[in-house]
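The task is simple: from the sequences and hints, build the whole structure.
Protein chains: 2
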Amino acid sequence: MRYSKFFGKTRHDPPCDAESINAKLLTQAGFVEKVAAGIYTLLPLGHLVFTKVCNIIREEMNAVDGQEILMPALHPIDLWEKTGRIKTMDDILYKTTASGNKKFVFGASHEEAVTPLAAKYVNSYKDLPMSVYQIQTKFRDEPRAKSGLLRGREFGMKDMYSFHTSEEDLDAYYERALQAYTNVYERCGLKSYATTASGGVFTDNLSHEFSIQTEAGEDTILLCEKCDSAQNLEIAEGNLVEPDNTEKEEEMKEVDVERGFSVADNAKAHDVPNYKILKTVVYEVEEEGFVGILIRGDLNVNDTKLENYFKKKLRSASPAQLKELGLVQGFISPVNNPADISFIADNSIKSVVNFVTGANALNKDLVNVNQGRDFQVKDFADLVEVRAGFKCKDCNNDLKEIKAVEAGNTFKLGTKYSENFGLNFTDQDGKSKPVIMGCYGIGTTRLIGTIVEAYNDDDGIIWPKSVAPYQIYLIGIGANEEADKLYEDLKSQGFEVLYDDRKDNPGTKFKNADLIGIPLRIVISNRTMENDSVEWKLRNESEAEMVKTTDLNNKISEFLNN
Amino acid sequence: MRYSKFFGKTRHDPPCDAESINAKLLTQAGFVEKVAAGIYTLLPLGHLVFTKVCNIIREEMNAVDGQEILMPALHPIDLWEKTGRIKTMDDILYKTTASGNKKFVFGASHEEAVTPLAAKYVNSYKDLPMSVYQIQTKFRDEPRAKSGLLRGREFGMKDMYSFHTSEEDLDAYYERALQAYTNVYERCGLKSYATTASGGVFTDNLSHEFSIQTEAGEDTILLCEKCDSAQNLEIAEGNLVEPDNTEKEEEMKEVDVERGFSVADNAKAHDVPNYKILKTVVYEVEEEGFVGILIRGDLNVNDTKLENYFKKKLRSASPAQLKELGLVQGFISPVNNPADISFIADNSIKSVVNFVTGANALNKDLVNVNQGRDFQVKDFADLVEVRAGFKCKDCNNDLKEIKAVEAGNTFKLGTKYSENFGLNFTDQDGKSKPVIMGCYGIGTTRLIGTIVEAYNDDDGIIWPKSVAPYQIYLIGIGANEEADKLYEDLKSQGFEVLYDDRKDNPGTKFKNADLIGIPLRIVISNRTMENDSVEWKLRNESEAEMVKTTDLNNKISEFLNN
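Protein chains in written order, with this note's numbering: chain A, 1 to 562; chain B, 1 to 562.
Any given hint could turn out to be false.
[Stated by the list, open to error] As a list, the in silico EDC-like pairs of lysine to aspartate or glutamate whose alpha-carbon atoms are at most 20 angstroms apart: (1) B:K350 to B:E324; (2) B:K9 to A:D127; (3) B:K95 to A:D504; (4) B:K313 to B:D303; (5) A:K95 to B:D379; (6) B:K126 to A:D127; (7) B:K34 to A:D91.
It is worth saying that the hints were derived from the structure and are not from the lab.
Just so it is clear, the structure is predicted and the values come from calculations on it, not from any experiment.
Written as structure tokens, this is what we have:
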């Protein structure tokens, strides 16, 4: 393709309203154009990447026996009433009322379409297992759509749905699907981490998120590089590094202090490490009232773990609530606590002797406080937010903390949707049973955004070979005839070439090449032709080299195949 | 693919609610599944055909320098207010109100999206000409969605838009696009006819419809097979076959008759051919009142031509209106007409001598009526509905009448949308001018429906090779091991094989093969293996033959390449 004829050329400056790296670079380089928040047009460059990403996904889904279909976006509303998601997902659903007062939901997901479809074709155990997928457009009225292609209101998605006679069969297929997902990301140049997660509005059963490391990520992931395992911060478990704290229990004493309200202020005032501060956080738990959570001063409570412990919704008590309970913020202690609340402790406090804590009064602290002797707790539990510094619960290796984008989801749906739509099968024993389902989603356009977040530098995008819009960015400097000829030669070899044939100066073309980020840049000029050579430079390397034109085709093939 | 594992198997009976052949066959054979009126899921077989059709279209659009993009379906409503189509297309637009009271239209067409997009990238004559296309989903709340894939509410479409500096450049590109369209249909096995048409809500300028001959078609097309030209009945022109009517003018006489009200009744009563009846049809023309149109009794008035003549809306006068005018239906005559109306005549009456007509009274006729002598007309015009029997206006060959489906549209949009969105360019003379646009649409899913309407018989679909979901339908009868081996062999040769490996009886499999309509059926059984052969049968031929297994690969390749 000749860049002079290309629609969607690069801009001199990034768009002023782009808040994410991917939106900034993809717009400036001419891959996408914003129509409204979260709604983009894919320009020719963007569409080429999209096609490559979709084809990689397609091949991997076919490899796990997925059969490609295409379901509509218009869903009669009664389907969504049947699953109850018309209520639970109400805030993000686009709806319309058509002629004849017919109401439709625009597909934000397709369980409501695929389950009744399967019910028309699945009768017997002989029809199972079965797996279908589509590469289609989803509509979600996302409250925050400010991350470019990472969070769209209209966005591309591959969603696959599998159907099984038993949990065991689902489990076996689910493992295959996880591997297919790992393959997809790897082929797109991305290292993915499958983390267990809560299923959100999709299911109460097990689910996985696929996380890709990038600074723009909204998620925090704890990695064990030895086990090659990953956990989402929200539910991560790990081994605590125990303090070296072998002293004997001393006598508890109340002391006067002048200090701030934080753990650090407290530790400084008493000249002790943070871990020796006994931190008390008060929560209001739905239907249970107020509860005090005790944890080491150097650690934080993980709200998701706490919710899972109580199986109730909860939130931190407000300053006003604390005051009402007769508690002094920053000086709360389980010892002689004036409020009628119970205390639950994180396991971390078990191994600390002689805690420092407040004395439930301003500028009064207790020192040498010991659990069991000076205060009791109702229960111990794992309530700690695991961060970098914790050890892997399996191999005790250091956990590493990374920011990540969630680039895919898999869910064991079980029989929820089958029961909604009467999707049953007759088993070998002659009995009718609900079909067991799994579902597997990858945002196709989001994946493009993720790749850009992972692969860029100050000059622009750096596409992995597998998903680059073109393989070669050819620049002619003078030597127009030779450049034209080389372009035709390379095309005839089947290489994908974007030929910058414009009359612009070399600097403009070099900047353009870097911004667009095609893996291989080839420059031909009168100077290079003097040595029957071209200049060869990879986007992800800083040095250029000269390559004889006679060696060029082989060298390109070698580069592309490695 | 093994049919035993296939999702979306054939049904024993067609769906009871399918009103068209394509919906009936595509559903029964497992290509599509209806979700709601005009809304379908493409099952794996349907998706395979869809992919092939889209790829053919893609290749042909690329060949005319179309650059593929993907625009969103969600359009901010102000774009549609700007073009006024929020009103003119109101009845078929799906709309939604999203969070923050933002209003969106779901794209029924994409002029409103592509024009502002082009405006961001087109500045100078150097950026033109340029052509972009997308293969995307359209949403139209069609009042009648009863023709299966021929008329959908959510349907696939390829829409291309071209941008030019001059009418001449548009004209030249438009010709190339017409040829690309002809190629698309031809490659899908269809003979297309490009007919000129009115542009509807898209434009007042020239447009073409691409018509495909099928009995299910809603359109009537007049063909000249010698010129290879086609005209839509609505605006068709043709040469009249002049009657052999050389008699002299006789004296006009009033006669009493007892007859019915039709032309045929009249001709029979007077023992003259139909053409000698002078037919008078009264219309009510907007702002003009009533007008009598005179035409030969064997011909009909074409309402579209009449509207174009008056440039006003009109309709036939009702019996009540005729009565009020003092006219007797079936006996109306321009001679001594009692109502105060003027008469316009179709050219066809010029060459007839001694007409018979009513005498403006029940059971009274006039014979030997002659134009100019017995009555005057205000004007002559071409108002005749051209049907089979007319001659081609260019070569005077017989015109043939066929039923056809409209399978594509092309429009010269001119500057309408450019002006709406300020899409201007700076020309070589330094002046700012509006960009001149063309647009070109093919319904992708409609094309699948059209192919089925054109290619079927009592047993099922007969896919053209280029768009068949698979190339070969392989049936094993006994000889399971040999059938499995042949399946693997054929696959390894790169052939697309649907292998009916079920335990069903041969009759069921043969019926299945015919219903699905894959071009080549190969049967392997113990009997065929005795001669180291397989049975070879083409879907569009009735006879089978035996082919040696050693010759099979070559014969298949030869068949596929022809």
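- Hint numbers the structure violates, sorted upward? As far as the earlier hints go, 1, 3, 5, 6 and 7 are violated by this structure, in ascending order.
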